[in-house]
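**Student:** Residues per chain are reported as follows:
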Amino acid sequence: MSRWPGWIAGAALVALPFVYHAPYPLHIAILILIWSFAYTSWSAMGRFGLTSLGHGGFMGIGAYVTALLWNRGGVSPWLGIPLALLAGALLAVLVAYPCFRFRITGHYFALVTLALGGIVMQVITAMRDYTGGSLGYTPERYQGGSSLYALQFSGKTTWYLIALAVWAAGLYVWYRVDGSMLRYALEAISEDEDAAAAAGVHVTAEKLKITVVSAAMTALAGALYCQYQMFISPDTVSGISVSLQMVFAAVVGGLYVALGPTVGAVITILMAEVLRISVGTRAVGWDNLVYGALLVVFIVFLPKGILGTVLAHWQR
Amino acid sequence: MGIFDVYLLEAVINGVLLGGVLALLSLGLNLVFGVIDVVWICYAELIMLGMYAMYFLSRVYQAPMVLAAAICIVAVGVLGVLLHLLVIAPLLGAAPINQLLATGGVLFFLQSAATILFGIEFKNLGLRLPVLKVAGMFISYSRLLAFGAALIGMVLVYLFLTRTYTGTAIRAIAQDRQIMTLMGVDSRRIYVITSALGGGLAGLAACLLVLQYDVHPFVGLTFGPITFLICVLGGLGNLVGGFVAAFVFAEIISVGGLYLDLEWGYVFAFAFFIAMMFVRPQGLLARRS
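Chains A and B, in that order, give the protein sequences.
Per our numbering, the first sequence runs over residues 1248 to 1563.
Per our numbering, the second sequence runs over residues 118 to 406.
Heads up, some of the hints might be wrong.
Only part of the chain A face toward chain B is listed, based on derived beta-carbon distances under 10 Å [claimed, not checked]:
#1 His-1354
#2 Ala-1362
#3 Val-1420
#4 Ile-1487
#5 Phe-1545
#6 Ile-1546
Where chain A lies over chain B, by a calculated footprint (3+ residues, C-beta under 8 Å) [said to hold, decoys possible]:
#7 215-225
#8 256-266
For the record, the hints were derived by calculation from the structure and aren't laboratory data.
Remember, predicted model here, so these are calculated numbers, not experimental data.
C-beta: ideal position from N, C-alpha, C; glycine also.
Sequences and hints are given; from them, build the entire structure.
**Tutor:** Encoded structure:
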């Protein structure tokens, strides 16, 4: 398949903010890119049957570690974000290693990760003297709000380009995994763990690799969201609804194709915005009602997701 | 006995009472998992709807408490059957993860349906049950009631499972679903009965929780995760294990919350859970090692 359409689409995406820079659509575009990256991170492991219901926890770690280091220790996000990624990766190892070592799979794994997400959210809420609890937390503005050192920019174009770059990096990781031996090992594991182990696949190590990659990427999404929005609360970056939202978007878009989670993010965020604008404040709840119903319908009728189904149809 | 010990004892007793409620919460979920091999992620949302049913029946329509509770239990039982027929049954052959995610979608759906229908205000029954004062300790009457009802509910379920023909069939299906179908047990019928029973238990839990907690569309998120953890800690599908795990969890939350904030009680409970996954990955009372 020719690579030209991809490069042209990429160039168009980079050029977009210079041609068209109305603040509101750009804001939505940035949110879509950040969340697409988060969903892609989730699907990096989710596509191999490692269903995590606790990725909101990693996202919360990424956001809060970055913000706390900046506000409390004056640590620039340039150092803070790598530390946050490290924290996310460490947490992933701490929880995932025993899970994989003791063969906790399927339902059990999903519920253990659910507990993990719950812990992170409760810790953030309980440490309210530091994190502001459920009221949320704001990174301090640095010199009027635009500074490379503090990774704070008032211009939407800058943020758009940053989000675009990170999103593209996420896709790059996805393709790297897709073309590696890791993918074959993990696919074998998700089919039959014992058979894979018998064939010489180091089950625990391979699963741990993808989990750490996925957790660190999700933490980066959290840090990015925090730097862009300049406000985080346990509900918006952590907790069960965020975790389920990731799963939902990835499944609706298509779990097994690279751009599936992105399509999921575009659909879910646009749907929420359209509902919010057209129905107004009465829309509270309607977006999730439609999400929930769609999720059930998709899993029953289109388990490959929108993009997955379209691509499968097209290739036939 | 020093004043401090009284507080500790009070926390321990409250923990036991909380344990009863948690045990009841996990019972329905565990039963459904053990028999149908499906985790209802939206289980706590069924309870939330049950709490709303109680609120409307008893507060708005002034129905007597016992009648309201009976209607609530039946209604949530019917919801359980609907959930099974509409969502779970078409997915019985699909990957287990898909079933999990589909009920996750139902969670979103029920939560937002409640937001749209009932609004986000906190609602309560507006009745204040007396507080029992024993030897300097304060024990809430509603918790005592919930504990008692939870125990009775569990004994009834136990008797149903062990003493009736249908109950025996349910336990048999849980042990081996292929063989039992060959031996003439209609697994679809058993699944529907189990779903009704699981829903009914959620309804009973709702009747008891509404005495102590305000109801709002997101109330499920506050005790949903803890219910799943109890079931996993006890070994998914293992009813006795879930029962023990509920009391362990409740004590950790209650005593941990005594020394620090209540959130820390939950944090300890979660941390304990993850630590236990290292030690006993198949649950506290593993059926087979």
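**Student:** For the hint on Val-1420 of chain A, just tell me whether its beta-carbon gets within less than 10 Å of chain B.
**Tutor:** Cβ of Val-1420 of chain A sits 22 Å from chain B, so the hint is violated.
**Student:** Checking C-beta pairs, does the segment 256-266 of chain B have three or more residues closer than 8 Å to chain A?
**Tutor:** violated (count 0)
**Student:** So, Phe-1545 of chain A near chain B? Judge it on the closest CB pair being under 10 Å.
**Tutor:** Nearest chain B Cβ about 8 Å off; hint holds.
**Student:** Take the shortest C-beta to C-beta distance between Ala-1362 of chain A and chain B; is it under 10 Å?
**Tutor:** holds, 5 Å
**Student:** Can the hint on Ile-1487 of chain A be confirmed by a CB-to-CB distance to chain B that is less than 10 Å?
**Tutor:** Nearest chain B Cβ about 6 Å off; hint holds.
**Student:** Should the interface hint for Ile-1546 of chain A be scored as holding, given a Cβ-Cβ cut-off of 10 Å against chain B?
**Tutor:** holds, 4 Å
**Student:** Tell me if the interface restraint on His-1354 of chain A is satisfied: Cβ within less than 10 Å of some Cβ in chain B.
**Tutor:** holds, 5 Å
**Student:** Using C-beta distances, would you say chain A covers the segment 215-225 of chain B, given that this needs three or more residues below 8 Å?
**Tutor:** holds (count 9)
Consistency with the previously given hints fails for numbers 3 and 8, ordered from lowest to highest.
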